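Chemist: Sequence:
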Amino acid sequence: MLTTRFEELRMSEDENFDSFITKLSDIVNSFHALGEPISNLKVCRKVLRSLPERFRAKVVAIEESDKVDDILFEELVGKLQTFELNHLSKKPTLKPNKSIAFKSSREESSVTQESDDDLDEEELAFFAKKFSKFVEIRKNNKSRNFSSLTSGGNNFNSVDNEKKFSIDKSKKPQGIAG
Numbered sequence: 001m002l003t004t005r006f007e008e009l010r011m012s013e014d015e016n017f018d019s020f021i022t023k024l025s026d027i028v029n030s031f032h033a034l035g036e037p038i039s040n041l042k043v044c045r046k047v048l049r050s051l052p053e054r055f056r057a058k059v060v061a062i063e064e065s066d067k068v069d070d071i072l073f074e075e076l077v078g079k080l081q082t083f084e085l086n087h088l089s090k091k092p093t094l095k096p097n098k099s100i101a102f103k104s105s106r107e108e109s110s111v112t113q114e115s116d117d118d119l120d121e122e123e124l125a126f127f128a129k130k131f132s133k134f135v136e137i138r139k140n141n142k143s144r145n146f147s148s149l150t151s152g153g154n155n156f157n158s159v160d161n162e163k164k165f166s167i168d169k170s171k172k173p174q175g176i177a178g
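Start counting the sequence shown at 1; every next residue gets the next number (the UniProt record's numbering).
No lab work stands behind these hints, which were simulated from the structure alone.
Computed from a predicted model, the values in this text were never measured in an experiment.
A hint or two may mislead.
[As the list claims (entries may be wrong)] In the DSSO-like style, the derived pairs of lysine-lysine whose C-alpha atoms are separated by at most 30 Å in a straight line are:
(1) K139 x K129
(2) K129 x K79
(3) K98 x K79
[What the hints assert, rightly or not] Derived Cβ-Cβ restraints for the label pairs, each shown as a range:
(4) S65 x D26: 26 to 32 Å
(5) L2 x H87: 19 to 25 Å
(6) K98 x F131: 16 to 22 Å
(7) P52 x E121: 20 to 26 Å
(8) K98 x A61: 18 to 24 Å
(9) E64 x K98: 24 to 30 Å
(10) N16 x E75: 25 to 31 Å
(11) S99 x T3: 17 to 23 Å
(12) E64 x E36: 37 to 43 Å
By construction, the Cβ of each residue, glycine as well, lies at the ideal position given by its N, Cα and C atoms.
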């Protein structure tokens, strides 16, 4: 049973290194108490195998730089504790994310978009109509007064207005002696 606990022991993602080492040390000490000590090499290899992915870079560095056969358990623990404090404490611990579901209302958004499109088409038609009237007046050069375009009126008969106020130069104004 103790051997099974030793073999199945793994450090979980949300567990800190010290709590994992405490569990492992309890199992190793139990073996010593029963008179079956576990070798330093076996314990060190167990530690390196049992670490989660966030320790992977350090495990590879230890395996490549140091001879794992010669490293002491206390030395390995010190290196991994230092790594956790310096590099992993800056990152938030990984916790399971809670899922949130939102109800979709696709029909409403498409209706809103259609009404926006209709509004844009109406505005475009209005400006196109006003612009074509402006170009027609400008092209025919009938009037220089474009105030009717900006005021919203539809009276483009400025030539008729000029005729109403034209002065007949052949007649002399009445009431003025001359």
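Chemist: All hints, please: hold or fail.
Modeler: Here's how the hints hold up against the structure:
Proximity of K139 to K129 is assessed by CA-CA distance (about 15 Å); at most 30 Å being required, the pair is judged to hold. Proximity of K129 to K79 is assessed by CA-CA distance (about 79 Å); at most 30 Å being required, the pair is judged violated. With a C-alpha separation of about 34 Å, the suggested pairing of K98 with K79 is violated against the 30 Å cut-off. Restraint check, S65 to D26: a C-beta distance of roughly 29 Å satisfies the suggested window 26 to 32 Å.
Look at L2 against H87: about 33 Å separates their beta carbons, and that is not inside 19 to 25 Å. Against the hinted window of 16 to 22 Å, the Cβ-Cβ separation of K98 and F131 comes to about 56 Å, which falls outside the hint. Hint check: P52 to E121, Cβ distance near 59 Å, so the stated range 20 to 26 Å is violated. For K98 and A61, the Cβ-Cβ distance of about 35 Å falls outside the hinted range of 18 to 24 Å, so the restraint is violated.
Look at E64 against K98: about 39 Å separates their beta carbons, and that is not inside 24 to 30 Å. Remark: the range hint 25 to 31 Å for N16 to E75 is contradicted by a beta-carbon distance near 19 Å. One distance hint, 17 to 23 Å for the beta-carbon pair S99 and T3, is violated here, with the actual separation near 39 Å. Checked against the hint of 37 to 43 Å, the C-beta distance between E64 and E36 comes to roughly 32 Å, which is inconsistent with it.
In summary, the structure is inconsistent with hints 2, 3, 5, 6, 7, 8, 9, 10, 11 and 12 from the numbered list given earlier, while agreeing with the others.
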